[in-house]
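Residue numbers (our numbering), protein chains in the order written: chain A, 1 to 774; chain B, 775 to 1057.
Please keep in mind that the hints were generated in silico from the structure rather than gathered at the bench.
Accuracy of the hints is not assured; some may be wrong.
Said to hold, decoys possible - Derived EDC-like pairs: lysine to aspartate or glutamate, alpha-carbon spacing no greater than 20 Å straight-line:
#1 A:K448 - B:D1030
#2 A:K434 - A:E771
#3 B:K818 - A:E711
#4 A:K303 - A:E413
#5 B:K814 - A:E711
#6 A:K448 - B:E1051
#7 B:K814 - A:E638
#8 A:K434 - A:E638
#9 A:K689 - B:E1012
#10 B:K814 - A:E282
#11 B:K814 - A:E52
#12 B:K818 - A:D119
#13 B:K814 - A:E381
Claimed, not checked - Stretch by stretch, here's where chain B covers chain A in the computed footprint (C-beta under 8 Å, at least three residues):
#14 250–257
#15 512–523
#16 683–694
#17 761–770
Unchecked claim - Among the chain A residues that face chain B by a calculated CB cut under 8 Å, a handful are:
#18 K448
#19 W615
#20 D616
Positions of the beta carbon are idealized from the N, C-alpha and C atoms, including for glycine.
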Amino acid sequence: MAKVLVREAARTQVVGQGVPRLDAEAKVKGQARYADDLSFPGMLYGKAIRSERPHARIRRLDLSRVLAHPKVACVVTAKDIPGRNCVPIIYEDMPLLAEEIVRYVGEPIALLAAETREDAEEAARLASIEYEDLPAVFDPLEALRPGAPQVAVPTAAERGNLFNHMVIRKGDVARGFAEADVIVEGEYRVGYQEHAYLETQGVIAVPEENGIAVYGTLQCPFYVQRAVAAVLGLPLSRVRVVQTATGGGFGGKEDVPSQVAAMAAVLAWRSGRPVKVVYDREEDILTTSKRHPAIVRYKTGAKRDGTLTAVEVEFYYNAGAYQTLSSAVLWRGLVHAAGPYRIPHVKVDGYSVATNTVPCGAFRGFGSPQVIFAHEAQMDELARRLGMDPLELRQKNALREGDETATAQVLTESVGLLSCIERAKELSRWEERKQKVAEFNARERFRKRGLGVSTVMYGVGMGAKAPLLDKAGAYVKLEADGSITVAVGNTEMGQGAMTVLAQIAAEALEVPLSVIQMAPVDTSRVPDSGPTVASRTTTVQGLAVLDAARKLKAKINRAVQEILGCPAFVVEGRSFCDPKDPRRRVTLEEVARWMWVHNWDMGATGWAEAAPVDWDPKTGLGNAYFVYAFACHIAEVEVDILTGEAHVRGFWAVHDSGRIVNPKTAWGQVAGGIAQGIGYALLEELQAKEGRILYPTFTAYHIPTTLDMPEELVIDFVEAPYSGGPYGAKGLGEVPLMASHAAVANAISAATGGRLREYPALPERVLALLEGEK
Amino acid sequence: MRLRPIPAVKPRSLEEALRYLEEGGRPLAGGTDLLVAIRKGQEKPELLVYVGELPELRILREGPEGLEIGAALTHAELLVHPATERFPILRAVLRTIGSPAIRAMGTLGGNLVTASPAGDSLVALSLLEARVRLVGPRGERELPIPEFLVGPRKTALERGELVRSVFLPYPEGHPRSFFRKVGRRRALIIAVASLGALVWVRDGRVERARLALGSVAPTVLRPRDVEEALVGRPLAPEAWEDLVPVLSAATQPISDLRATAEYRRKVAGRLLLALAEALQAGP
């Protein structure tokens, strides 16, 4: 049984308060400056000339008409790149500009910069490229067959088109299945999911006296810095990356901005002028990363009483033409494949495969939603077969403190899964609701309702696959007037990170939140804090802020002691008082002034490293992540049996992300994740044919609207504190999306009596389920 | 793709507007269809003639026989104007068009001229047997909806002609209204199939019915045989079931990115049962 933190016990002032987002006002008033809002004198507009073929040899590249365009200032091909022709991510297989071979439709071949955006678009159409088509492959299973066209750059692949194969071998699944009374099996398929961030990709590269500055919409400034330095052949110290207000990321601005920035930087370097590259929605959908399409096969065994005995998983991720982040995505999928359950025998094989399609990448959940869809469908199928309540089945198998995960990691603390399930059951009035749904279904002729549940776990942070990145730095500075500046290397992309980090600083410094100012993120001025990904910012970056704030607080305390001449004092708002003589007091402003006058060092640096993790790639066993977050979601859907339309009527989501620093922003994170999950399960379909995305617009790709959200939406948190996080916090960001779609999918299956095995559950698919296609 | 500047004029009178149209100008009101088509390169007008604020196109006149609606009135304006209260079917349809932003810009005349097979307002105008009033170099003329809509995205408009207004005759008595739009989500959606109906009910039976379907034929479809077959039937889905295949058979759907023809055909017929259920449930 997990410990549930009682709020009073935390005794915090600012942490735990639902303060408004610090960036809200500027964004609501339209004052925030996004990438495309910035302009520099002499600025050009950059544009890529892209491959029209999925797989081809470039026979001839004729850019003479592009060069002849009167408004074109600069044209760049692979040979004009001053540094390396490579966008370094995990592997270095992806060129910035294709030289001999193009591997996907939309791959950049050449770049141009022109005086206006319209000129750039016009000029890009003047390129003449002669291709020799090569055999192409688009399906991951076909790409693995002997004799399949070779897509992967050989140095980046294990063999053929197999980028990576990863395994978990725990116990003996043959024995586990032999012990099972019931075994369910199924294959599940999902397609792309598009990030649909409000702001498309955009950067401006500006040559500076000593190097280059890049301004842009991005999650990971230090990734961009590395990529730009690589293509320009410059030391990192001469590349400065400044994050502009960022209109959403969801992982889509993890690796892609490195590519966009590298393009702008090469053009800026060659032309000597600032170059802006901003994608329109169509270019963004066609050419940037998405969630990996997947084929997922599961076999799960359980005893008659519901106890899980074994799970065997095989899953294939369509990675696209280059590695980008696929190996990391695959690894997270692997570790999460068995779900948040106690299973003695586990065998998992994950494959990421190269095909002639646009490279896939990071998207909230990072390789886990695909397997979660499947493992939660399996749990539902088991519950049906066993005649058990689906929540009860999950309760029975849920990981508890002291249990071993599928990777044989013993969970030593902060396991709030059972509390999540219990609370979700209570909030949804589960038993009563089941009854009501049954009555509705008996009464109604053309409508059916169904309840679906999901439980998930989430490994917080980078995990054992990329431990080098799981660090963060912070600099906290008391200004001479008593205001405080906090500089961090993680970024705000709409998730509320800066607000939460400011709350942590205010709490540790015992000052009002209004005193804190978060510094703009500029790689030349903030510490490298690793990427803003993996729901790690509150936990890891928060710890670094806490470390710095505590050091500064110690200095402030010493100054107050000297000023008041007493060893102890009390803090009242912005004042420090002698407890024996309350008239003896000094304000924060006065303390700051005193420190400045006395030449004190008024800054403090903080550092945090994630707790150690380890991993054996041969067995797939080890301490994969330093801590896990948990959630239980319940969805109620109604389907129209005449048309197959589905609507989520009610949703109850309970999360354990440790201590919640800001309940309001946390609520927003969960609600947003539910919306994205509804989209993934019910609406979002990006049709592609032979490597071409057919309709790259929001007219065809349907993300949920306000009206598609449930009428009843209940969100709550149980807080199982994590001793390694600031004030007991763990990560939250990705978890809501990971859990929500699976609950919706199971509710669709319950309402239709069929089994949804492919996303999205479009009306036609729902009708097929209703009509008995299993 | 960005738009290249296109010359545009804002005439002060209908007369002046018609002169520009004769010279080959394209009328622009809300722009919710035209600007999108220009962006996609499907339309390349040389001159845009902004008619959205012409007083002659902004009238709303309640007469003894019916209501005349200026072509440049927006969906949002029509939704709140008291004069449209007598046409609940019109309001039911307009409420489902696009999003609040689209409804604030898009006009009834624009929806007519676009003549999309999925044009939502066309379902209501067809049910109400509206007449389209056109004005052009050779004067004015009036066409019933079926004559105005000649095909998918094709109207009877001639060069230089403009839709001036739409005349909605008041329906006799008090028919019950029904509109159901099927799509992949609940708002901001192009219909996959839709069914609108005006049904006159007497003693628990259908006295008379008008049906109109969207998105399942080249233009809005009035299935007269089904309308006639409904007369005298009780308001109960089970009493209408035999007409489901008849209605499906009356459609001529296509497959596109939103749905297959097969799905459209099937669902169009089944919407009849949704109508029966709604009628049975009472007003």
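* Can we keep the K448 of chain A interface hint, with Cβ of chain B closer than 8 Å? -> violated, 14 Å
* To do: Could you grab the alpha-carbon distance between K303 of chain A and E413 of chain A and see if it respects the 20 Å cut-off?
  => Violated, because 28 Å separates the two Cα atoms, which is more than 20 Å.
* Asked: Does K814 of chain B pair with E638 of chain A here, judged by a C-alpha cut-off of 20 Å?
  -> This hinted pair is violated, its Cα atoms lying about 37 Å apart.
* Assess, step by step, whether the Cα of K434 of chain A is no farther than 20 Å from the Cα of E771 of chain A, and give holds or violated. => violated, 23 Å
* **Agreement of K818 of chain B and E711 of chain A with the hint, judged by alpha carbon distance not exceeding 20 Å** => The given pair, whose Cα atoms are some 44 Å apart, is violated under the 20 Å limit.
* Given the hinted pair K814 of chain B and E282 of chain A, is their alpha-carbon gap at most 20 Å? -> Given that 20 Å is the threshold and the Cα spacing comes to 11 Å, the pair holds.
* Asked: Under the criterion that the straight-line Cα-Cα distance not exceed 20 Å, is the pair K689 of chain A, E1012 of chain B satisfied?
  -> Distance of about 43 Å is beyond 20 Å: violated.
* Restraint check for K448 of chain A with E1051 of chain B, where alpha carbons must lie at most 20 Å apart -> Holds - the C-alpha atoms of E1051 of chain B and K448 of chain A are around 15 Å apart, at most 20 Å.
* To do: Below or equal to 20 Å on CA atoms is what counts here, so check K448 of chain A against D1030 of chain B.
  => violated, 28 Å
* Asked: Is K814 of chain B close enough to E52 of chain A, meaning Cα to Cα at most 20 Å?
  -> holds, 19 Å
* Asked: Would the hint on W615 of chain A stand, with a C-beta cut-off of 8 Å toward chain B?
  -> Status violated, d = 42 Å.
* Asked: Are there at least three residues in the region 761–770 of chain A whose beta carbon sits under 8 Å from a beta carbon of chain B?
  -> holds (count 4)
Checked against the numbered hints listed earlier, the structure breaks hints 1, 2, 3, 4, 5, 7, 9, 13, 14, 15, 18, 19, 20; every other hint is satisfied.
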